[in-house]
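Read top to bottom, the protein sequences are chains G and B.
Residues in the first sequence are numbered consecutively from 1, following the UniProt record's numbering.
Residues in the second sequence are numbered consecutively from 1, following the UniProt record's numbering.
Please keep in mind that the hints were generated in silico from the structure rather than gathered at the bench.
A portion of the hints provided could be inaccurate.
Per label pair, the in silico range of CB-to-CB distance [to be verified]:
#	chain 1	residue 1	chain 2	residue 2	range
1	G	Ala15	B	Arg146	35 to 45 Å
2	G	Leu135	B	Val328	51 to 61 Å
3	B	Ser185	G	Ala15	36 to 46 Å
4	B	Arg104	G	Ala15	23 to 33 Å
5	G	Leu4	B	Ser55	28 to 38 Å
All C-beta atoms in this analysis are idealised placements derived from N, C-alpha and C, irrespective of residue type, glycine included.
What follows is each chain in one-letter form.
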Amino acid sequence: MSELTLTVMRLGFLAVLWLFVIVAVQVIRSDLFGTRVTQRGSARRGAPDRPQAQQRQSAPPPQRQQSGGRGRRGAPTKLVVSEGTLTGTTVALQGQTITLGRAHDSTIVLDDDYASSRHARIYPDRDGQWIVEDLGSTNGTYLDRNRLTTPTPIPLGAPIRIGKTVIELRK
Amino acid sequence: MSSSTTNTTTISTAGPPSRRNTELAMLVFAVIIPVFAYANAGLALSDEMPSGMLSYGLGLGLLAGVGHLVVRKFAPYADPLLLPIATLLNGLGLVLIWRLDQSRRLADRAEAVDQVFSPSAPNQLIYSALGVALFVGVLILLKDHRLLQRYTYISMVAALILLILPVFFPARFGARIWITIGGFSIQPGEFAKIIIAVFFSGYLMVKRDALALASRRFMGLYLPRGRDLGPILVVWGMSILILVFETDLGTSLLFFGLFVVMLYVATERTSWIVFGLLMSAVGAVGVASFEPHVQQRVDAWLDPFAAFKTGGSDQIAQALMAFGSGGVFGTGLGQGNSDLIGFAANSDFILATVGEELGLAGTMGVLLLYGLIVERGVRTALAARDPFGKLLAIGLSAAFAIQVFVVAGGVMGLIPLTGMTMPFIASGGSSVIANWALVAILIKVSDTARRPAPAPAPTTDAEMTQVVRP
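This is chain G alone, in the form it adopts within the complex (with noise of 0.2 Å):
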């Protein structure tokens, strides 16, 4: 055997496998857990030399609403911070509880003192219908001006006051 095929051979398969450590790595990068945080607007216009790296950032959540995109004329397809440190934040309804607090691993991490670890949750009843409900918080979760005391239904462009924070949910 030829000298050449032989160091071809012995480089790659040192490139091999490093390729297998480097697809592993990539692997737990993706395997992350909690929320998937999209830029969108500011990224676009901020790094547009990388059209590639957006276009699979931005890849699964189209995917995601195919499959839990079938609600009811009307319904609202989207939750909008509206005022707070998180303004501008919108969270896609798909049929997914989300749930508000200062706790990591809430959906919308509150970054407020007024917030309770585990505030409030939102999520669809059997007929798609929006609930909102609160778990108990200190300061308490108010739905225009009431204060909340039992799992009530979300109107369209209500909105939900948490400490500082005000979200509603939007068509």
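Given chain G's structure and the hints, the job is docking chain B onto it.
The following block gives chain B in isolation, referenced to the frame of chain G:
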């Protein structure tokens, strides 16, 4: 103020996917690499594709496929990396052992000592199959890892028996770590490490509050009460006894190190690590000063090249030279002279062959693969919801990590050499079988840990529990 900073982020929940297809893809990759290595070694050694290439490739692929199907059925949410990495290491080990079987030097040496030379690779393939069979068995029979918690004290007794048994069998190669039953020899220490991890996690889960909270603060350290020191003293004494009567440095280190790691994880008290290091240092120095076998190992570690002058065993010296001649990219598979190590070249010293033929780059890759297994184990422990599962996952990955460190450190001359085998790579039935069982338990724990929690059911009686406010 807050409204001036407008976020432009969308949050969507990424549910825990089962990742079985990722595992399958990685597994295919993990089977192809050893086949490539096999072809490479064959071409370098004899200028032709090795004859057994198809059967080795198919054998490994079959084992991996069976493992994958069983994981898919019985642990659908398990970690996607543990099985592929274990398969890759096992396959690489098979290639390296096969490559050392082809060595004329090792064959001559074996014929001079035992009159016969039998290749180890076919045996290793059988052991790997047995290992995967045990892997499958554990996944099918162990419905929930928490069942192991019932056997806390039974596993203590079993582990002690396994550790003590070798004392009654004749020493082989200077250490009493084998038990021989009708031609077969087993290293019970390999199995004992799993059983001990079960015992420690069951024990510490119950006792950790007493160990963690009842302590006095002294010079920044939390000193445990005297009576809480009891267990650590007992384990320390046990590991010293193993060292003295079985002259087995590796198992002793593994046993004690595992306990200290698990104590630390269970109680979050740094003082245990300080105590553990002090006690193991005292114990090791004490035993090394009067036990000739251990002393010999320490001398060989301090001056490995003395063997060429005084004529002792030159294994460590040869291993160091193998690493040196490998350089950064290695000599290529089948083109090194690591067979000069002679005895145990394909078991305890197999890392030297990796070092010579794959070089620094390859050795780093292999060590990273071990690191990834340990990382996945620790990640599993973090994700596990029950304290027993957390401790068990930490214990098993710590045992795995300590074993890799002890062997690799010994072969590279970092610490005195001990009689342990590189998990999955080295030739040796007990080691391969036990480590497949270890990976199976980790996979089972990770399956439970990553299984999506049942969603909090939307309350159906929302209308019934109205609170009427004035």
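For each hint, the structure was consulted:
no.: 1; hint: Ala15(G) / Arg146(B): 35 to 45 Å; verdict: holds, 43 Å
no.: 2; hint: Leu135(G) / Val328(B): 51 to 61 Å; verdict: holds, 57 Å
no.: 3; hint: Ser185(B) / Ala15(G): 36 to 46 Å; verdict: holds, 39 Å
no.: 4; hint: Arg104(B) / Ala15(G): 23 to 33 Å; verdict: holds, 30 Å
no.: 5; hint: Leu4(G) / Ser55(B): 28 to 38 Å; verdict: holds, 29 Å
The structure meets every hint from the earlier list without exception.
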